[in-house]
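Full structure from sequences and hints, please.
Quick note, the sequences are listed as chains V and D, same order. The first sequence maps to residues 1 to 129 in this note's numbering. The second sequence maps to residues 1001 to 1476 in this note's numbering.
These are computed hints drawn from the structure, not numbers from a lab. Certain hints may be false.
As the list claims (entries may be wrong) - Derived contacts from chain V toward chain D, CB cut-off under 7 angstroms, selection only:
(1) N48
(2) L52
(3) L60
To be verified - 30 angstroms max Cα-Cα, derived DSS-like pairs, lysine-lysine:
(4) K1132/D to K1173/D
(5) K107/V to K22/V
(6) K1178/D to K1454/D
(7) K1178/D to K103/V
(8) K1178/D to K22/V
(9) K109/V to K122/V
Every residue, glycine too, gets a C-beta built ideally from N, C-alpha and C.
What follows is the residue order along each chain.
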Amino acid sequence: MVCIVITEPYEYEDLVRQVANKEAGAEWFVVYFISLPQIQNAVEELGNQGWLGGSSLRSLFDSLLEGYRVLANEVLQGARQILHQAGGTSNALVIEGDFKNLKHVLKGKCSRLYTDDAEVLKRLQREED
Amino acid sequence: MITTRSSLFATLYRAWRWLRAPHRRWLWYGTAAGLYLLTKAAPLTGIHEQAQAALAVFVTAAFLWGTNTLPLAVTGVLVMWLLPVSGALETSEVYRYFGSDALFFILGALVLASPVMRSGLSSRVALVAVQKFGSEPRQMVFALLLTPAFMAFFISEHAVVAMVFPIVLELLKMYGAKPGDRLGTVLFLALAWGGIIGGTATLLGGARAPLALGVLQASTGRYINFFTWLTATIPIVVLLLIAAYFILVRALPPSPPTPPPKEQLRNRIASLGPITKREIKTLALMAAVIAGWIWGGEIWGLGAVALAGVVGAFALGVADWGEVEEDVNWGVFLMYGSAIALAAALQETGAASFLAGTLFGHIATPISATAAVVVLAQLLTEAMSNAASVAVLMPIALASANVYDLAPEAVTLSVSVSSGLAFLLPVSTPAIAIIVGSGYVRPMQTIRYGLPLKILATLMVFLASVFYWPRIWPGG
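Next comes the structure, spelled out in structure tokens:
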């Protein structure tokens, strides 16, 4: 199975088109990865700068996460449309968590992996080492 | 395996992430220590030992606040330790500046914001405003600029943006906006810009204004009352909101999506239920406290009125201590108190005059000195938090006011208002950080759309500094 890991909503179309051309007709597994530690860090940073109190930070974290879920589903829908046009079959999943969760879901599934974030590849390789 | 994301921003972001990796934090600490030692030992002429010590603490604090190497409050603690250790100020003097009226005003205002948020009043105001203005995209832009702007007159703009954020998400869901849609970008920009612009109107929109006021009081003994501050800033706020509206309407997609059915918004408001007693009492209390700030601020002090409001909030049963403890970021008091003490140290030792002479020495006229202060504040606030920008610039700007015979109150507004108007980068203000974090606004879009507004804002503050504020406070 060919895996595509998407981490942000802006440039996924380029990545998916590029991969669809390269591996037309393959079986795809498209993942939108929402990194919870990354959101947590961003929100904590706002607290460190003295901008927001604990409850505002928590509700902001929840709102951001909710927003990302909506975006993730939209992105996966768009990605699957592109892949469908390229003639393959695809499954899609939103993964929320850290790299361990991502690695656990991808383990044994991917013959090849494509992503929009080099850091994901590095971290997955580091986890394997 | 392939990866995309090769933009300039991504490269810069990767470089920044590399430098900011936790195991490289020692580089930053080392640089701060190096700056302190270099400034303390530098063979400077025309400055005595105590002033040079204050200057060394200032340079170190400016670096740490500017680069966010430590949480702002921790840098505040470092300043409190370094000021006496370096010989710039006596320990008891440093602690004395924590007794500032401005600091207790900030404390009271932040505590009072808690029941406004917790009672549901703020969400109701935001939703009703959006419903009243209509759900066509242009009307929505208008509502989302005006509502946070108005709310930021009374509570911190950061809290306003965080609070209205989920409402904008709901609206976008109702519109069926997709990632990358310009409607999402425009509505989130309207939210952030509204909050930012409105936050400069009163002393309540952000703690940078009371901080600037505290530094003004500690350094010169002068004072700006609540109402005068509002009358001085309101023309800029109105003009900038108009400019922001036209910039955002131009950025709307040519064929905007169909507005959501009105019932959706009506149902959402209905889900809040009828207005509660807690909301009504909170509204009445806030009105009374604001009246107190306007008419009694000069007599009793803004801090005393705020503290009376806090007592009133608990007496009326609208505030809850558990909630207040969660809602207030207590660490900021260390930052603000230490910033006021640092400014006073610079002033008292003569380091501020030395800095102003070094920075503004080649400037010949008061107008060019004003331009330099405004431009410096507008640039600095994009690179560091706006409170840090006030803490760094106020002592120098006040010293320059002395040199060029400018009214210190006008200079205080030039710094404070400029420092509040950060539209370009997420590092400068949480409003921008929050909307970029939403996934609907690309980081480069905040620069692309924000730049014209930033240029206008700089021009407006400069014009107010030269033509309007000197009429309120003539001469130095």
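Legend entry - Pair hint K1178/D and K1454/D, alpha-carbon separation not exceeding 30 angstroms: With Cα atoms ~28 angstroms apart, K1178/D and K1454/D stay inside 30 angstroms; holds.
Legend entry - Satisfaction of hint between K22/V and K107/V, Cα-Cα up to 30 angstroms: 23 angstroms, holds
Inset, instruction - Would you mind confirming whether the straight-line C-alpha gap from K1132/D to K1173/D stays at or under 30 angstroms? - result: 19 angstroms, holds
Inset, instruction - Starting from K109/V, check that the Cα of K122/V is at most 30 angstroms away, please. - result: 18 angstroms, holds
Legend entry - When the least beta-carbon distance from N48/V to chain D is tested against 7 angstroms, hint result: At 4 angstroms from the nearest chain D Cβ, N48/V passes the 7 angstroms test, so the hint holds.
Inset, instruction - Below or equal to 30 angstroms on CA atoms is what counts here, so check K1178/D against K22/V. - result: 27 angstroms, holds
Legend entry - L60/V as an interface hint toward chain D, with CB separation required under 7 angstroms: Constraint on L60/V satisfied, holds at 5 angstroms.
Legend entry - Proposed interface contact between L52/V and chain D, which counts if any beta carbon pair is under 7 angstroms: 6 angstroms, holds
Legend entry - Restraint check for K1178/D with K103/V, where alpha carbons must lie at most 30 angstroms apart: At roughly 28 angstroms apart (the allowed maximum being 30 angstroms), K103/V and K1178/D satisfy the hint.
Violated hints for the displayed structure: none, as all numbered hints are satisfied.
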